[in-house]
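Enquirer: For the protein sequence lines, the chains are A and B, in the order given.
Numbering-wise, the first sequence is residues 1 to 114 according to the numbering used here.
Numbering-wise, the second sequence is residues 1001 to 1108 according to the numbering used here.
Please note: incorrect hints may appear among the correct ones.
[As the list claims (entries may be wrong)] Facing chain B, a subset of chain A residues (Cβ under 7 Å, in silico):
#	residue
1	31
2	42
3	107
[Claimed, not checked] Non-contacting residues of chain B with respect to chain A, defined by C-beta distances greater than 10 Å in every case (computed):
#	residue
4	1071
5	1079
6	1105
It should be emphasised that the hints constitute simulated quantities derived from the structure, not laboratory data.
Predicted model only: the values in this text are computed from it and were never measured.
Each residue gets a CB set at the ideal place from its N, CA and C atoms; glycine is no exception.
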Amino acid sequence: DAGVIQSPRHEVTEMGQEVTLRCKPISGHDYLFWYRQTMMRGLELLIYFNNNVPIDDSGMPEDRFSAKMPNASFSTLKIQPSEPRDSAVYFCASSLDGTAYEQYFGPGTRLTVT
Amino acid sequence: AQRVTQPEKLLSVFKGAPVELKCNYSYSGSPELFWYVQYSRQRLQLLLRHISRESIKGFTADLNKGETSFHLKKPFAQEEDSAMYYCALREGAQKLVFGQGTRLTINP
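Isolated chain B (complex conformation) (with noise of 0.2 Å):
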C-alpha cells in the first residue's frame, strides 16, 4: 500500500531562520507529490507539486527517490507561514494519499 509519513506533528521555528518540513512516502511505481497547505480560517489549498519543479512563495521541495523523500523547505521562515502542511501522493488517476500533516508555528 502507498504511504506518505509526516514525522513531525508540530514544528516550531524562529522568524528568519530556515524550515524544512519532512515527508517521506512509499510507492511501487513512479511518484508524484505535492504540497498542500490550509493557512488560519482559509481553505486547504495546493502549495506546490513536484513534476513543477517550482518555488511558490519562497517554499521550495525535492523529490529524492533514493530516499523516498520530498521535503519541504524555505531558507528564511516568516510569520504568514505559519499554517498546517500536508504532503500528498498521488495514487492512480485522481486519487490523493495525505500524510498526517504538520503545523508549522513561526515565532516572531
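Pulled out of the complex, with its shape left as it was, chain A reads as follows (with noise of 0.2 Å):
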C-alpha cells in the first residue's frame, strides 16, 4: 500500500488564483482529514469526513477555503481566490474507525502564493 497519496506535492502559484490539492486515503479508512501546518502555528486541523460525509469544518480559515469528498478514495481542498497568507504544507490524513486509533499522514503539499 502506497499510503496516503497528496498531489501536487508542490504548487506555486499567484495571488488571486484558484488551486485545488487533491487527497487519496487509504483504501478502507474512514475518515479523511485536511490539515495546515505553518511556522506561526503549527498543524492545525482544517476539516475531516467520516463516509464521504464533512463533520467537522470548524477549521476552515474563511469563505475562500472549500472541501469536498465525492467518493472514498478522493477528496480536495480548493482554495479560492488564492493569497500569501495562504502559503503552508497542506497535509492530509486518513485514519480507521476503532479504539487503536491512529492517523496516517500524506507527503504533505507545499503552496506557495506570491
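With the hints as a guide, bring both chains together as one complex.
Expert: Put into C-alpha cells, the structure is as follows:
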C-alpha cells in the first residue's frame, strides 16, 4: 500500500488564482482529515470527513477554502482566490474507526502563493 | 476549549545527553495523548500513545494528570532523533488537536 497519496507535492501560484489540492486516503479508512502546517501556528485541523460526509469544518479559515469528498477514495481542498498568507504545507491524513487510534499522513503539498 | 502547548519551538542537545520535550494540555475529561514525529523527508507518523505505556526508539512519555503534562523523554539522545515532534490530544471520537511542534536537533 502506498499510503495516503497527495498531489501535487509542490504548487506555486500567483495571488488570486484558484488552487486545488488532492488526496487519496488509504483504502478502507473511514475518516479523512485536512491539516495546514505553518511555522507560526503549527499543525491545524481544517476539516474532516467520515464516510465522505464533512463532520467538522470549524478549522476552515474562511469562505475562500472549501473541501469535498465525492467518494471514499478521493478528496479535494480548494482555495479560491488564493492569498500569500495561504502559503503553507497542507497535509491529508486518514484513519480507521476503532479503539487503536492512529492517523496516517500523506507527504503533504507545499503551497507557495506569490 | 481543549488545548495543547509545546513551549519550545526549537530544542538542541548533544548526542548522548538526555532529552525532554515538553507538552502541557488542558482538557475537561479523561485525556488521551499522543506523540507524532516527522523525520526529514518522511511523513508525519505516530511515535507513541500514552495508553500503551510503551517505549519506542528509547522514548517514553508519562501522563501526569496533576500537572496536565505529557512530556517526551529519552535518556541518551542519538543523531537520528533529530526531527519535528508534535504532541496531540484526542478530542471526541476521531479528532486530534496538535501542539505547535518542537524541532529537535541532536548535535554530534
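Enquirer: If you check each hint against the structure, which ones fail?
Expert: No hint contradicted; all consistent.
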